[in-house]
Amino acid sequence: MEVFRHNGALEISEIDPFLAELLRQVPASANPEAVPAAERRLFSPPADPEKEKEMCAEWKLYVEPELRRIFESATETVEGDLRQLGDSEKPLENCTLRIPIGNAEAWLNALNRARLALAAKFDFTELELSDHYRSPIGSRRDLSLFQVNFYGFLQEFILRELECSAAESSPNE
Amino acid sequence: MSALAPILGAVESPTITEETQTKEAHDLPWQVVVHNDPVNLMSYVTMVFQKVFGFPKEKAELHMLEVHRQGRSILWSGVRERAELFVQQLHGYLLLATIERVN
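Chains A and B, in that order, give the protein sequences. The first sequence: position 104 = 104 (this note's numbering), numbered continuously. The second sequence: position 34 = 34 (this note's numbering), numbered continuously.
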């Protein structure tokens, strides 16, 4: 797999079928529905619920729906870009994903939600999350940890390229 | 404070200082706190602090490291309405952020 910036877009080429499938899983993984731990993490209270009951209640009523709207919008953008990968008609071919710079923030948001939701669902420890030399995938839990790390790698790539892109557009800074 | 008492005694209207302090206490009762989360990337948290608070990268990194090492960092203090807006933005970026009374 190769990642680089090209003509105002972030390009990930030579994506093998396994990683392409993990990319297709981003929207589903970012959705906390039916996973209470993930729902709690993505929609955490804005204050100590014991001390600020009224504020937390208002937040649930007025702010949470707005956050859900923001997250859904990011997911839709990511789903749109993922259509480039198609379905599994040619399951053994490598493919390329082109993410327009303007969609980068939506990707960061969706990848972050996916990582947080997976980490909450499987209750990964800090030690597991920082173990980048873990043995090969042998269980659903291992696969999800790999997913968290792979999505983190993509986040790092997008952040780095956004920074380079901003520096190039304002070279005097 | 006690060492300054003889000097303050010579000032005609020392109560003005107390009034100012009381007014400030009313104006700055809330703070925005970000808590550590082992999943969020350090570079991502730095980027969010730059975007939400307009911090230069160096200041954003200092706060990010404080969150990482101390478990929390106070990012902003001020009126409740603005603090709530900041926390809302931080939640939009999936950071663990809360609003707390200064005391």
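FYI, nobody ran anything at the bench for these hints, they're computed from the structure. This one's a predicted model, so the numbers in the text were calculated from it and none came from an experiment. You may find that some hints are simply not true.
Distance ranges between label pairs, derived from CB positions [claimed, not checked]:
no.	chain 1	residue 1	chain 2	residue 2	range
1	B	SER77	A	LEU143	39 to 45 Å
2	A	LYS60	B	ARG72	20 to 26 Å
3	A	ASN94	B	ASN103	57 to 63 Å
4	A	GLY102	B	PRO29	38 to 44 Å
5	B	GLY54	A	ALA34	35 to 41 Å
6	A	GLU58	B	LYS59	30 to 36 Å
7	B	ARG69	A	GLY102	31 to 37 Å
8	B	GLN70	A	ARG141	40 to 46 Å
A few chain B residues facing chain A, derived, Cβ under 7 Å [unchecked claim]:
no.	residue
9	ASN36
10	PRO38
11	LEU41
12	MET42
13	SER43
14	TYR44
15	PRO56
16	LEU62
17	LEU65
18	LEU85
19	VAL87
20	GLN88
21	VAL102
22	ASN103
Even glycine gets a Cβ: it sits at the ideal position worked out from N, Cα and C.
**Message:** Interface hint check: GLN88 (chain B), Cβ to nearest Cβ on chain A, cutoff 7 Å. Holds or violated?
**Reply:** Nearest chain A Cβ about 6 Å off; hint holds.
**Asked** Given a hinted range of 20 to 26 Å, is it respected by the beta-carbon distance of LYS60 (chain A) and ARG72 (chain B)?
**Response** At 23 Å between Cβs, range holds.
**Asked** Once the shortest beta carbon distance from PRO56 (chain B) to chain A is found, is it less than 7 Å?
**Response** This interface hint is violated because 10 Å lies over the 7 Å limit.
**Asked** Does the interface hint hold: is ASN36 (chain B) within less than 7 Å of chain A, judged Cβ to Cβ?
**Response** Cβ of ASN36 (chain B) sits 10 Å from chain A, so the hint is violated.
**Message:** Using the nearest Cβ pair, does LEU85 (chain B) come within less than 7 Å of chain A?
**Reply:** Since chain A brings no Cβ nearer than about 10 Å to LEU85 (chain B), farther than 7 Å, the hint is violated.
**Item:** Interface hint for TYR44 (chain B), Cβ within 7 Å of any Cβ on chain A
**Value:** Given a least distance of 6 Å, the restraint on TYR44 (chain B) holds.
**Prompt:** Does SER43 (chain B) pass the interface check with chain A, least Cβ-Cβ distance below 7 Å?
**Reply:** holds (5 Å)
**Request:** Would you check whether VAL102 (chain B) satisfies its interface hint, that is, whether its CB is within less than 7 Å of any CB in chain A?
**Result:** Where the cut-off is 7 Å and the nearest Cβ of chain A is about 13 Å from VAL102 (chain B), the hint is violated.
**Request:** Would you check whether LEU62 (chain B) satisfies its interface hint, that is, whether its CB is within less than 7 Å of any CB in chain A?
**Result:** Check failed: Cβ of LEU62 (chain B) comes no nearer than 18 Å to chain A, outside 7 Å.
**Prompt:** Is the hint on VAL87 (chain B) kept, meaning its closest Cβ partner in chain A is under 7 Å away?
**Reply:** Since chain A brings a Cβ to about 5 Å from VAL87 (chain B), closer than 7 Å, the hint holds.
**Asked** Is the hinted range of 57 to 63 Å satisfied by the C-beta distance from ASN94 (chain A) to ASN103 (chain B)?
**Response** For ASN103 (chain B) against ASN94 (chain A), whose Cβ atoms are near 59 Å apart, the range 57 to 63 Å holds.
**Prompt:** Can MET42 (chain B) be said to touch chain A, with a Cβ gap under 7 Å?
**Reply:** violated (10 Å)
Comparing the model with each earlier hint shows violations of hints 8, 9, 12, 15, 16, 17, 18, 21, 22; every other hint is respected.
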